[in-house]
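Visitor: The residues making up each chain are set out below.
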Amino acid sequence: MGDHLETIKSAVINGKHAEIKALVQGAIDAGLDPNTIINEALIPGMDVVGKDFGSGKIFVPEMLVSAVTMKAGVEIVKPLLASGQGRSRGTVIMATVKGDLHDIGKNLVTMMLESAGFRVIDLGVDLDVDKLIEQVKAIRPDILGLSALLTTTMPEMQKVIGELHSQGLRDKLKVLVGGAPVDPAFAEKIGADGYGANAVEAVELARVLTEKKG
Amino acid sequence: MQMKINSHRLVMSAMFGGRRGPRPPVGNPTSIVCHGLMEKAGVSFPEAHLNPNAMAELALAGHELVGFDTVMPEYSVVQEAAALGARVDWGGRDKMPDVRDFPNADFSDITMPSDFLEKPSCRVVLDALSLLRRHVGGRVAIIGKVMGPWTMSYHMVGTQNFLLAVGMKETSKVTKMLCQLMPITVAFINAQFAAGADIVVLADHATRNLVGPYHYEQYLLPLHQEITAQVGGPIILHVCGNCSDRLELFARSGVDAYHFEWQVDSKEAVRRIGDKISLVGNVNNPQALLQGTPEDVYKQARYAIEAGVHLIGPECAIPLATPIENLKAIVEAARQGY
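Order-wise, the sequence lines are chains A and B.
Under the numbering used here, the first residue of the first sequence carries the number 1, and numbering increases by one thereafter.
Under the numbering used here, the first residue of the second sequence carries the number 1001, and numbering increases by one thereafter.
It should be emphasised that the hints constitute simulated quantities derived from the structure, not laboratory data.
Certain hints may be false.
Claimed, not checked - If you anchor each label on the Cβ, the simulated ranges turn out as follows: (1) B:Thr1175 / A:Arg140: 47 to 55 Å; (2) B:Glu1039 / A:Lys189: 21 to 29 Å; (3) A:Leu101 / B:Tyr1214: 25 to 33 Å; (4) B:Gln1225 / A:Pro79: 45 to 53 Å; (5) A:Ile121 / B:Glu1039: 52 to 60 Å; (6) A:Ser55 / B:Thr1171: 23 to 31 Å; (7) A:Arg119 / B:Lys1276: 49 to 57 Å; (8) B:Gln1230 / A:Ile28: 49 to 57 Å; (9) B:Lys1299 / A:Leu81: 55 to 63 Å; (10) B:Thr1175 / A:Gly168: 49 to 57 Å; (11) A:Lys51 / B:Glu1295: 37 to 45 Å.
Model, not experiment: these values are computed from the prediction.
Ideal Cβ positions, reconstructed from N, Cα and C, are used throughout, including at glycine.
One chain only, chain A, in its complex shape (with noise of 0.2 Å):
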């Protein structure tokens, strides 16, 4: 049992995207359970992976395929949970703001999140703030995950939390905000409740901010 997690997990970390469905495939036909291939092989492998990207010691490109091929992993296991151990852990809008076309980051947060059990509707690129609110209003997400590489658009975060409260939806759900320029002072300063430094930081406040909400 323990060889198939770690072969899971290294080919998550090394980004084996031809290999991961046949390897998954094996551990169930081996009978070990889809939720324990999740939590204690892909999610893991991926720690790994963020871990890596947070020092340095791999970028964009291999974080690229390790999501790619934890997603593929995933794909395999989703229909054999258990009804009930399916259930999200909670609902996610993703965006970049107005202004702004860059998407890896956010499709790296998106790609983890539903990896890790989370619903995520994601809106694109390029949203202006009353498309935004006017998602909000119909999904009523947990958590609204807002992205923008550009220092332009960054002021634009500050208007989505500005509308938000304006219309009385501030505390119905938590705001995380993202990208190459922003960093925990501004996310402070526009008042967004966290922020990730990377996909893997990303994944890990969603978690805690859901459970926190209980």
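Go by the hints and put chain B onto chain A.
Guide: This is chain B only, laid out in the frame that chain A set:
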């Protein structure tokens, strides 16, 4: 006797680590256009991306109204992509241009159109450079700007798509794309020199935010060495983000200078590569120029000057909402001399 100074001489001497005048030069390898500058110049985006007179006018304003020693008329990063057939949204007063779709997302072959330099988005830059040459040639340093093959790949293939291929180690596919784009970079650089540029910025965003030094060394360093061998004038490499982990690689690329961000400590940059190539930068955009006071900017500029940075300026294209007083604080810091 001390060198006779004008902006052009100060900048060109700094480019090659030569004799110092009474003060360091102030330069902008990337855009210093902000709303205040557009208002003062009476020229706005998107006109200044599309019309050579407007483009040159706005560039001149950076020298005449703010006091920079350089003029740089290319404000976007998408001129080449537009000429290669990517759909470009030219934005507006509040928004920089962007590529809206990626014509070579499937890594299909790219060949340089025979009339590449005559495509409107290239012609406009060449004409603006010539206009600037006629107006301020020999007095102010004229800077051109060209995207390198790495950045052009982001625009033609899509950044995520391109980086995924890099991650999946599809080396031949990635290399083929870069090698097809490299002659385009070379042709546009040489055309900009011929049109009147004194210096050309090679912007190629192999930044630490996206890729590692080993990616740069494997894929891009050989191409940068080839590009710098084929072009006829001084080159400033621009790669944003914290690139502390690859400074020595940049110094081996054959460029004459590196334009760097605040995240790289200027003292460390000067210590490590300042005797090999010149350093340009590195006043912080988001905290100092956009959100800080003129005093904050002044202090950062003085730190860079005292560290030995050769040409002082913002770290990257400035946010459009940057107060013009903050830009002037860089000039003020340089006027205090060394």
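Visitor: Find the hints from earlier in the document that the structure breaks and name them by number, from lowest to highest.
Guide: 5
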